[in-house]
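There are 2 protein chains.
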Amino acid sequence: MTEARTRRRTRGGGGAARRAERGAVSFETAKYIERNIPNFEVLNEEALEIIEYNAETILEEVGVNFVDNPAALERWRNAGADVRGERVHIPRGLARELIKTAPSQFTQHARNPERSVEIGGRNLVLAPVYGPPFVRDAKGGRRYATMGDFNKFVKLAYMSKWLHHSGGTVCEPTDIPVNKRHLDMLLAHMTLSDKPFMGSVTEPSRAQDSVEMCEILFGKDFVQQNTVMTSLTNINSPMTFDDVMMGSLEVYAQNNQACIISPFIVGGAMAPVSVAGTLTQVLAEVLAGVAYSQLVRPGAPAIFGAFVSSIDMNSGAPTFGTPEASLVTYGAGQLARRLKLPFRSSGSFCGSKLPDAQAAYETANSLNMGLMSGVNFMLHSCGWLEGGLVADFEKFVMDADQLGTLHAMAKGVPVDADSQAMDAIREVGPGGHYLGCAHTQAHFKTAFWKSDLLDYKPFETWEEEGARDTYQLATNRVDQLLGTYQKPALDPAIEDALNAYVAQKKESMPDSFM
Amino acid sequence: MTEARTRRRTRGGGGAARRAERGAVSFETAKYIERNIPNFEVLNEEALEIIEYNAETILEEVGVNFVDNPAALERWRNAGADVRGERVHIPRGLARELIKTAPSQFTQHARNPERSVEIGGRNLVLAPVYGPPFVRDAKGGRRYATMGDFNKFVKLAYMSKWLHHSGGTVCEPTDIPVNKRHLDMLLAHMTLSDKPFMGSVTEPSRAQDSVEMCEILFGKDFVQQNTVMTSLTNINSPMTFDDVMMGSLEVYAQNNQACIISPFIVGGAMAPVSVAGTLTQVLAEVLAGVAYSQLVRPGAPAIFGAFVSSIDMNSGAPTFGTPEASLVTYGAGQLARRLKLPFRSSGSFCGSKLPDAQAAYETANSLNMGLMSGVNFMLHSCGWLEGGLVADFEKFVMDADQLGTLHAMAKGVPVDADSQAMDAIREVGPGGHYLGCAHTQAHFKTAFWKSDLLDYKPFETWEEEGARDTYQLATNRVDQLLGTYQKPALDPAIEDALNAYVAQKKESMPDSFM
Chain A
895 MTEARTRRRT RGGGGAARRA ERGAVSFETA KYIERNIPNF EVLNEEALEI IEYNAETILE
955 EVGVNFVDNP AALERWRNAG ADVRGERVHI PRGLARELIK TAPSQFTQHA RNPERSVEIG
1015 GRNLVLAPVY GPPFVRDAKG GRRYATMGDF NKFVKLAYMS KWLHHSGGTV CEPTDIPVNK
1075 RHLDMLLAHM TLSDKPFMGS VTEPSRAQDS VEMCEILFGK DFVQQNTVMT SLTNINSPMT
1135 FDDVMMGSLE VYAQNNQACI ISPFIVGGAM APVSVAGTLT QVLAEVLAGV AYSQLVRPGA
1195 PAIFGAFVSS IDMNSGAPTF GTPEASLVTY GAGQLARRLK LPFRSSGSFC GSKLPDAQAA
1255 YETANSLNMG LMSGVNFMLH SCGWLEGGLV ADFEKFVMDA DQLGTLHAMA KGVPVDADSQ
1315 AMDAIREVGP GGHYLGCAHT QAHFKTAFWK SDLLDYKPFE TWEEEGARDT YQLATNRVDQ
1375 LLGTYQKPAL DPAIEDALNA YVAQKKESMP DSFM
Chain B
895 MTEARTRRRT RGGGGAARRA ERGAVSFETA KYIERNIPNF EVLNEEALEI IEYNAETILE
955 EVGVNFVDNP AALERWRNAG ADVRGERVHI PRGLARELIK TAPSQFTQHA RNPERSVEIG
1015 GRNLVLAPVY GPPFVRDAKG GRRYATMGDF NKFVKLAYMS KWLHHSGGTV CEPTDIPVNK
1075 RHLDMLLAHM TLSDKPFMGS VTEPSRAQDS VEMCEILFGK DFVQQNTVMT SLTNINSPMT
1135 FDDVMMGSLE VYAQNNQACI ISPFIVGGAM APVSVAGTLT QVLAEVLAGV AYSQLVRPGA
1195 PAIFGAFVSS IDMNSGAPTF GTPEASLVTY GAGQLARRLK LPFRSSGSFC GSKLPDAQAA
1255 YETANSLNMG LMSGVNFMLH SCGWLEGGLV ADFEKFVMDA DQLGTLHAMA KGVPVDADSQ
1315 AMDAIREVGP GGHYLGCAHT QAHFKTAFWK SDLLDYKPFE TWEEEGARDT YQLATNRVDQ
1375 LLGTYQKPAL DPAIEDALNA YVAQKKESMP DSFM
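Taken in sequence, the protein lines are chains A and B.
Residue numbers for the first sequence, in this note's numbering: 895 to 1408.
Residue numbers for the second sequence, in this note's numbering: 895 to 1408.
Don't read these hints as lab results, they were simulated from the structure.
Hints may contain errors.
Remember, identical chains collapse to one label, so a pair may be satisfied in a single copy or spanning two.
Simulated pairs of lysine to aspartate or glutamate, EDC-like, Cα-Cα distance not exceeding 20 Å [said to hold, decoys possible]:
#, residue 1, residue 2
1, K1305, E922
2, K1351, E935
3, K1305, E935
4, K1381, E968
5, K1339, D976
6, K1305, D976
7, K1351, E922
8, K994, D1069
9, K1344, E1012
10, K1033, E968
11, K1074, E1106
12, K1351, E943
13, K1344, D1206
14, K1305, E1389
15, K1399, E1358
16, K1351, E954
17, K1339, D1206
18, K925, D1317
Bear in mind the structure is a predicted one, so any value in this text is a computation, not a measurement.
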């Protein structure tokens, strides 16, 4: 443990670490996005005030349920809420006061300090898909996800230039017992990647295991003083906080780890069909959830989450990348900024069964909206398919490539003398061309974002090479990335300790698939 | 002619018109978009002022070329420009002064008054792809476009709910002589659709033919007093105004018809590689072009155009739907609004060879950017493929469906009492669901935008139905639309007169394929 902490602090450290690092392959990973463009705001001041007023009306009049959680009710009662049974009525102003201790921005540390991310402010951190029980690829089709699939996704995320974060349950490894798979998932994130990652939320005890594994990886003191995990705490919308999610939140908050407090909303089912109504409920739920995290430990990092889809009223299926979900997300971003909380939303959302044009339209709609709504932490930013039931290998690399466009957009428009390019315009003049001019020569390598996947070739070349569509190009890219993957260096003593912890924990309980 | 004019004015008119209208099938066409959301602005005041200052420096110092056009040079000289050879140096402030007579908004009339559009202000009018020499569909593959293809596209545009405009050269009918195809194209727009359309710009004489055919369709007085055509006047960037384009512009401006003054820019080739440099050149070119239209006829409608793509510096291929093009478009929108000119940009841009995921990502990036940059007239809003070389049938209906999302986004967020949905939230309460509540029942039919094409079915149903991707669904939709097409009613006397005009014009000259 000592060695690990030392290595982090000095960015060099002991002999074992140095030896391990010499063997490492270095990958280019973009820094998290720092926006140099404004946020897009759909709500005016009057609309914001109405929604904010109504949200507190909900908290006070209607209240929220904290289910099977007497300790939570006790905390709320002590804080001044009116608790009746499991229903917590939060007087106007109380939640807003409580959340003031939550930081507006925080660092989530990675074991490789160069991969640490700043969550909040004008930053955008991109993390992959989370939660699908199925995977799909062109070769194997749609099937239940396994730990083998999970490891592949962690490797792909590690090698993806535009992904800043390794994520959490990139897919559900259904071949591992439910009560043990969090151990294998965390081990994969910790050993196969050096990007930041997420902790388990499926049981408070698994959140505790996540903390303990981080203590091995980062050192115990470091974990207590720093945030090394983000976790996804969904709210059972409408207005219900269950004991499992809150139990996990309590573990993370107590350990100063970050919680995304996320209403989980299919519009028209878990929230009103109107955008304003949905925003009101989202705000009420986030206020209650973040306030609760601050009751557990004032100052614990918390993120304003909004997971919003709409619904196909014919089939009842959730729909993604739709305009109403975008409007909710834009509005939620404004509400989050007014609360001075980091904001989580958006993703590579789509309802399509295949990584086809539908998937791409819906995903691009959602990714653009995520950038422009001021999202700080984007979960599901690549690989999501079929309403989140499927993590798709090809779509993972297709979306991950598109994330590059967000980086380029976020740069905004520099207008320094060189960018003004007046010398180039004078040099070229009417009827000329810029391909050979000095300004172009100086900048052409970096002037335009370039896809690592999409096809820009002339038709004839493209046809000679097999007339491949994006899906086929992506299959090749998945193979190519996985074929060249190399594990990032990790102090062998730490890796041994992590393996021992996982083995001991697995030994300590019978398998459960419930 | 009289009858046609009467019919327009009274929206009813003579017996022949009434009889024709009784046989018509009515199609749902959405009204042009009136934005209830803000525009996205990437440039701050300082950046705008620098670009505006530099643009006038270009006009004054570098100048612009008006090629093979002594009349234009004479007009500029008389207006106070410094003309040296074909180079026009426009003193700072002159172009800006001249463009003040251009209207900030105008009506383009359709022969069906319900289809007339308002171009400018907060409106967005959507028109299909323009210009491709090739077409593609799943059955026939990629091939040269014919008049038969052209007619099909006009029918599809007529039947597309979210398209407000029939466009112009939806594809190049390469089986018709170059000097005659404009006649067939206009006849198709006029008789197969009742939406507004564009005039020919490939020769001043063809622009004149376009005006004369409109005089048959709308009545001569009506055309002189109203705008019934939009035309696309490309600038040969950098800073070159050729005689063919300017000759067409002169015809349209003299007849009070609208010109889109559009720099045609592949970034890094026809403009500097930097966004700020490109914006500066675009502004200079548009200032010169619009000013020239006002020299021809003060008050003639003119549109600030910006066609911008970037370039793949490896292959030299233009690239589409890229972040740099988006930044240029956002900036150009700001510049256009400061000049109080309607703004044309964006489209279903993509570089892909197929309507696959690449095409959809790039198109969605571009369409979203078009909505949010404040575009007033969107050419190429559906059907564009392969960098504009191909008009694709499946992509046409795929994109046309996505245009619905722009309509829904543009509505913004109503916050009236009903939209606040507080009664619904009170009614449902914690742990309930909204599917059956009164508010949902009242609004579910219109609350969420619904695709007419994309698949929202559960996986099992989708698989049973043949596991079709978006491309296959689109093939079916093309067939279904064309199979149910019915011509909109048109006074037979007008149709006869149009046919006679086209026949007579074709007789009057030998075929030319040059």
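These are the hints, each one checked on the structure:
Only within a single protomer do K1305 and E922 lie at most 20 Å apart by alpha-carbon distance; the minimum there is 19 Å, versus 41 Å between protomers. Neither within a single protomer nor between protomers do K1351 and E935 lie at most 20 Å apart by alpha-carbon distance, with minima of 38 Å and 33 Å respectively. Proximity of K1305 to E935 under the C-alpha cut-off of 20 Å is found in both arrangements, the shortest distances being 19 Å within a copy and 13 Å between copies. Neither within a single protomer nor between protomers do K1381 and E968 lie at most 20 Å apart by alpha-carbon distance, with minima of 47 Å and 72 Å respectively.
Taking CA atoms no more than 20 Å apart as the test, K1339 paired with D976 passes in neither setting, with 62 Å inside one copy and 39 Å between copies. Taking the closest pair of Cα atoms, K1305 and D976 never come within 20 Å of each other, the shortest separation being 48 Å inside a single copy and 39 Å across copies. Taking the closest pair of Cα atoms, K1351 and E922 never come within 20 Å of each other, the shortest separation being 25 Å inside a single copy and 40 Å across copies. Taking the closest pair of Cα atoms, K994 and D1069 never come within 20 Å of each other, the shortest separation being 43 Å inside a single copy and 71 Å across copies.
When the C-alpha separation of K1344 and E1012 is checked against a cutoff of 20 Å, the pair qualifies neither within a copy, at 25 Å, nor between copies, at 37 Å. Proximity of K1033 and E968 under a CA criterion of 20 Å is satisfied in neither setting, with 54 Å inside one chain copy and 68 Å between copies. Taking CA atoms no more than 20 Å apart as the test, K1074 paired with E1106 passes inside one copy only; the shortest distance there is 15 Å, against 79 Å between copies. For the homomeric pair K1351 and E943, neither the shortest alpha-carbon distance inside one copy (52 Å) nor that between copies (38 Å) is at most 20 Å.
For the homomeric pair K1344 and D1206, the shortest alpha-carbon distance between copies (7 Å) is at most 20 Å, but the shortest distance inside one copy (36 Å) is not. Proximity of K1305 to E1389 under the C-alpha cut-off of 20 Å is found in neither arrangement, the shortest distances being 38 Å within a copy and 54 Å between copies. Taking CA atoms no more than 20 Å apart as the test, K1399 paired with E1358 passes in neither setting, with 55 Å inside one copy and 44 Å between copies. Proximity of K1351 and E954 under a CA criterion of 20 Å is satisfied in neither setting, with 61 Å inside one chain copy and 39 Å between copies.
Taking CA atoms no more than 20 Å apart as the test, K1339 paired with D1206 passes between copies only; the shortest distance there is 10 Å, against 45 Å inside one copy. When the C-alpha separation of K925 and D1317 is checked against a cutoff of 20 Å, the pair qualifies neither within a copy, at 32 Å, nor between copies, at 46 Å.
In terms of the numbered hints stated before, the structure departs from hints 2, 4, 5, 6, 7, 8, 9, 10, 12, 14, 15, 16 and 18, listed from lowest to highest.
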